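**Student:** Below are the chains, spelled out letter by letter.
Number of protein chains: 2
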Amino acid sequence: MTISSQKITLTHSLQGNRRYRGKLTILGCGSALPTKNNFPTSQILELRDKQYMIDCGEGTQIKMNQLGVKTTRLGRIFISHLHGDHFLGLVGMISTFGMLKRTADLHIHAHPDLERILSPLLNYLCVDLPFKLEFHPINPAENKLIFEDKSVEVYTIPLRHRVPACGFLFKEKQGLRHIKREMIDFYEIPISKINRIKQGDDYITQAGETISNEILTTPPNPPFQYAFCSDTCYLESIIPIIKGVDLLYHEATFAESEAVRARQTIHSTARQAALIAKKAEVKKLIIGHFSARYNDKSILLNEAKEVFENTELAEDGKVFYT
Amino acid sequence: MTISSQKITLTHSLQGNRRYRGKLTILGCGSALPTKNNFPTSQILELRDKQYMIDCGEGTQIKMNQLGVKTTRLGRIFISHLHGDHFLGLVGMISTFGMLKRTADLHIHAHPDLERILSPLLNYLCVDLPFKLEFHPINPAENKLIFEDKSVEVYTIPLRHRVPACGFLFKEKQGLRHIKREMIDFYEIPISKINRIKQGDDYITQAGETISNEILTTPPNPPFQYAFCSDTCYLESIIPIIKGVDLLYHEATFAESEAVRARQTIHSTARQAALIAKKAEVKKLIIGHFSARYNDKSILLNEAKEVFENTELAEDGKVFYT
Chain A
10 MTISSQKITL THSLQGNRRY RGKLTILGCG SALPTKNNFP TSQILELRDK QYMIDCGEGT
70 QIKMNQLGVK TTRLGRIFIS HLHGDHFLGL VGMISTFGML KRTADLHIHA HPDLERILSP
130 LLNYLCVDLP FKLEFHPINP AENKLIFEDK SVEVYTIPLR HRVPACGFLF KEKQGLRHIK
190 REMIDFYEIP ISKINRIKQG DDYITQAGET ISNEILTTPP NPPFQYAFCS DTCYLESIIP
250 IIKGVDLLYH EATFAESEAV RARQTIHSTA RQAALIAKKA EVKKLIIGHF SARYNDKSIL
310 LNEAKEVFEN TELAEDGKVF YT
Chain B
10 MTISSQKITL THSLQGNRRY RGKLTILGCG SALPTKNNFP TSQILELRDK QYMIDCGEGT
70 QIKMNQLGVK TTRLGRIFIS HLHGDHFLGL VGMISTFGML KRTADLHIHA HPDLERILSP
130 LLNYLCVDLP FKLEFHPINP AENKLIFEDK SVEVYTIPLR HRVPACGFLF KEKQGLRHIK
190 REMIDFYEIP ISKINRIKQG DDYITQAGET ISNEILTTPP NPPFQYAFCS DTCYLESIIP
250 IIKGVDLLYH EATFAESEAV RARQTIHSTA RQAALIAKKA EVKKLIIGHF SARYNDKSIL
310 LNEAKEVFEN TELAEDGKVF YT
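These protein sequence lines are chains A and B, in that order.
Those letters in the first sequence? Residues 10 to 331, per our numbering, in order.
Those letters in the second sequence? Residues 10 to 331, per our numbering, in order.
If you are wondering where the hints come from, they were derived from the structure by calculation, not from laboratory data.
A quick note: this is a predicted structure, and the numbers were derived from the prediction, not measured.
Please note that a few of the clues may not be correct.
As the list makes no split between identical chains, a pair holds if one copy fits it or if it spans any two.
Here are the simulated DSS-like cross-link-like pairs (lysine-lysine), alpha carbons at most 27 Å apart as the crow flies [what the hints assert, rightly or not]:
(1) Lys327 <-> Lys45
(2) Lys45 <-> Lys79
(3) Lys45 <-> Lys110
(4) Lys59 <-> Lys45
(5) Lys288 <-> Lys153
(6) Lys189 <-> Lys207
(7) Lys159 <-> Lys293
Could you build the full structure based on these sequences and the hints that come with them?
**Tutor:** Written out as structure tokens, the structure reads:
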């Protein structure tokens with residue numbers, strides 16, 4: 010019985026040694042007008058076995074279903090701004106969660122207007138939800154910690170758009186050290202000690218011998234950082250906030266030939282997104298929020314890559330592991 | 010110039026001789042829970058070159074885009090009931106119509122609660138729409154004429170569901186007679202007379218000879234009738250209302266093995282839909298609003314066909330011509 014439990018614990022901790030630190034699933038990366046290929050904005054970040062949704066455009070629940078994305082570990086949704094293509098999928102999805110008898114709390118972090126404009130609909134469609142639905146107002150104009158638990162901190166990133174808008178910075182906290190399974194077996198260390206060892210403690214055997222933590226563990230993964238910045242014009246004030254993140258998703262609604270239109274609509278070009286990535290020295294850039302006019306997005310990718318080589322195009326259904 | 014205009018008129022009237030009387034495009038035929046294959050309910054009926062939308066579930070504008078369905082001739086939307094899978098696509102679509110600079114009025118016929126619950130969202134997202142958006146309250150409990158123009162009458166069909174719900178009966182009015190182009194050419198009939206001839210008048214030549222209307226025209230198409238009935242339990246009271254229609258869309262959420270569940274949720278089985286079709290002596294039945302549990306819908310089709318042979322399955326993107 011003890012052996013079996015220990016096995017489970019070890020397997021679980023091996024899962025902690027996961028091959029990726031952050032997993033980002035793009036559900037939609039289109040902009041306001043729907044297209045054949047792109048649903049509006051929504052994505053799911055997975056970090057230490059928890060899921061965080063960012064934006065929830067119309068059809069998000071449909072796309073999740075098409076892709077077979079499960080949301081059993083989704084507890085929090087972060088809404089960047091109140092344009093329809095970033096939140097109109099919320100009510101349908103919440104209603105479906107109710108029908109599927111979800112019981113875990115669901116938290117929505119968004120501009121305070123969201124609760125007001127959705128309440129009549131929610132009160133009409135989602136009576137007697139079997140879970141607690143809670144709105145948390147955010148001020149998009151501030152760079153502020155808006156959520157924290159034992160594994161992650163989430164900050165708002167003030168952006169500039171036609172309506173109040175902010176990005177989100179997910180900063181993983183320093184994780185636990187990884188145990189070396191064969192050493193745990195060798196010293197027959199009881200399961201009750203594992204957690205302290207993961208936290209850095211040495212182990213003292215029954216004979217009184219001290220086994221140094223370095224023998225029993227390897228260092229924790231470096232904390233993962235992800236920044237989501239959409240919708241926004243080119244905005245250098247975000248650079249210090251997102252400095253050096255592992256992954257940056259930045260909107261790139263237009264190509265350079267539409268730079269005037271980008272200025273008018275307070276969006277970015279792909280080249281501008283890449284400039285931000287370069288100046289912020291991020292490790293990787295994903296561009297998205299494509300205007301409906303770009304059926305072929307290679308022009309956007311090429312223009313970004315000229316400035317920042319490690320750029321990839323977002324794509325509905327694409328998964329990025331870091 | 011006259012010849013050219015006449016040509017245009019004749020071409021147009023030949024379009025009047027269209028190969029179909031009614032065209033029904035299924036945009037979505039799923040039920041409340043999204044599935045890989047089915048969007049929630051929405052369809053477009055085309056009758057005498059006008060489009061009427063029935064229901065507008067989440068993602069309707071996305072599906073229209075995927076299918077390349079244009080809505081330039083869409084003026085009226087009819088909402089059967091206020092469950093989310095029948096109307097949550099409205100706000101996004103209206104917002105998109107605004108961005109695309111639509112100018113034609115848009116009329117929505119629905120339970121009066123719809124305007125109330127959507128207003129905060131519409132007032133927030135759809136300020137300064139370049140077209141007039143008008144809600145027309147309907148009483149789902151009545152069988153009543155709710156819209157009429159020169160070519161069609163639309164009636165509500167009281168249904169029974171968990172919330173107030175109604176179907177819609179579209180009754181085409183008797184159309185104009187079709188001119189025989191070769192006879193018009195032969196008698197050199199001026200364009201100014203064509204419309205009266207289509208309405209049944211004889212033609213008197215300059216020499217005073219009377220040309221009987223039967224020589225110049227063929228009879229008009231028989232008026233087309235379409236009935237949409239979803240969501241509802243098995244309800245015989247609708248039979249006299251939909252008697253003999255060309256096309257009946259009836260919900261068939263469940264197979265007979267789930268008859269108890271159908272009763273509990275106040276839905277119909279495929280067999281019940283077929284029974285209604287048979288008793289109402291309709292010409293053709295389309296079943297839809299499939300529960301998410303049926304990946305393969307052949308069981309529903311087979312159970313319906315046992316009772317009413319001329320049954321077809323709805324399918325997202327399928328077009329029915331009558």
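**Student:** Compare the structure with each hint and give your call.
**Tutor:** These are the hints, each one checked on the structure:
no. : hint              : result
1   : Lys327 <-> Lys45  : both (16 Å within a copy, 17 Å between copies)
2   : Lys45 <-> Lys79   : both (24 Å within a copy, 13 Å between copies)
3   : Lys45 <-> Lys110  : between (32 Å within a copy, 20 Å between copies)
4   : Lys59 <-> Lys45   : between (31 Å within a copy, 24 Å between copies)
5   : Lys288 <-> Lys153 : within (22 Å within a copy, 66 Å between copies)
6   : Lys189 <-> Lys207 : within (10 Å within a copy, 90 Å between copies)
7   : Lys159 <-> Lys293 : within (26 Å within a copy, 61 Å between copies)
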